[in-house]
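Could you build the full structure based on these sequences and the hints that come with them?
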Amino acid sequence: MNEQEQDGMKKLLQQALPPIADDAEEQRDLWPAMLRCMDAKPAALPQSLSLWFDGALMAGIVGVVAVFPSSIPLLLYYL
Amino acid sequence: MQNESSDVLNEFQHGDAAAFEALFRLHQRTVCGWLLRIVRNHAAAEDLTVETFWRIHQAHARFEPSRGFEGWARRIATRAALDWLRTRRTECELPENLPAATTADPAMRAELRAKIALAFSRLPPKLRIAATLAVIEELPGKEVAEALGISIAAQKLRVFRALRLLRKDLQRQGITP
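For the protein sequence lines, the chains are A and B, in the order given. Under numbering that gives the first Met the number 0, think of the first position of the first sequence as 0, with each following residue one higher. Under numbering that gives the first Met the number 0, think of the first position of the second sequence as 0, with each following residue one higher.
Please keep in mind that the hints were generated in silico from the structure rather than gathered at the bench. Even for Gly, the Cβ is constructed at its ideal location relative to N, Cα and C.
No farther apart than 25 Å at their CA atoms in a straight line, the calculated lysine-lysine pairs in the PhoX-like style are these: (1) B:Lys155 / A:Lys9; (2) B:Lys125 / A:Lys10; (3) B:Lys155 / A:Lys10; (4) A:Lys9 / B:Lys114; (5) B:Lys167 / B:Lys155.
Looking from chain B toward chain A, a few residues come up when the C-beta cut is under 10 Å (computed): (6) Gln27; (7) Phe119; (8) Glu136.
See the structure below:
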C-alpha cells in the first residue's frame with residue numbers, strides 16, 4: 000500500500016467515523032462508583048506477603064519436581 | 000492538562016486514600032474522555048474509568064511521582080481499554096449518539112459508513128486502538144505511542160497495518176477506497 004492509498008484510507012475512515020468532540024465526555028461524578036468498586040473487589044496483597052507467597056509456591060514446585068521428576072513434562076505442558 | 004502538587008503525588012504513592020481521591024476527582028474527566036475516544040461508548044468509558052482507577056489504586060507503590068500522573072494514568076487506561084476490546088465480540092458500533100467534532104460526511108451513504116465501521120471493528124484491538132487515536136482522533140504520534148507504551152516507529156507500523164487490513168477487508172466487500 001503506497002502513501003497515496005494510505006491517505007485515501009485515512010480519509011475514508013475519518014468520513015465514516017468522525018472524531019469525538021472535546022466536550023463529549025460527561026460530567027457525572029464517578030467517585031461513588033469507584034467506592035463501590037473498591038468495596039466489591041478484594042484489596043491487593045501487601046507486597047511482602049505477595050513475595051512470601053511467590054517464594055513458597057516456587058519452593059513447593061521445586062519440591063514436587065525433586066520428588067517426582069516424571070512430573071516435569073506435565074509441568075512444562077501447563078506452563 | 001491538570002497539575003497536582005508533588006505532595007499529593009508522594010502521598011498517593013505511599014497509599015494515602017485522600018490523595019487518591021484528590022487525583023481521582025482531578026483526572027476522572029480526562030481519563031473518561033480518553034477512554035471514550037478509544038471505545039466510543041459512554042457507558043463502557045465510565046466503567047473503564049472506574050476500572051482504570053482501580054488498577055491505579057492497586058499499583059500506587061509502583062508510581063513514580065517524578066514522571067507525572069497523567070501519562071501514567073493514560074497508559075493504564077489504554078491497557079484497560081485494550082483488555083475490554085479483546086473480551087467483547089466484534090460488532091458494529093457507529094457513534095451516532097456521540098457528539099462528534101465534525102459530522103460524518105453527508106455524501107457518504109449510511110450503508111457504506113456501516114460497512115466501514117464494521118470492518119474497522121473487526122481489526123485486532125491493538126491495531127484498532129492505534130488507528131483510532133492516530134487517524135480518527137488525529138492525535139500526535141508521540142502521544143499515541145506513549146499511551147500504548149511503544150515506540151513512535153512501532154505506532155506508525157500499527158497504523159499502517161490497520162489501514163492495510165481495513166483496505167483488504169473493504170476490497171473483499173467490493174468497496175474500493
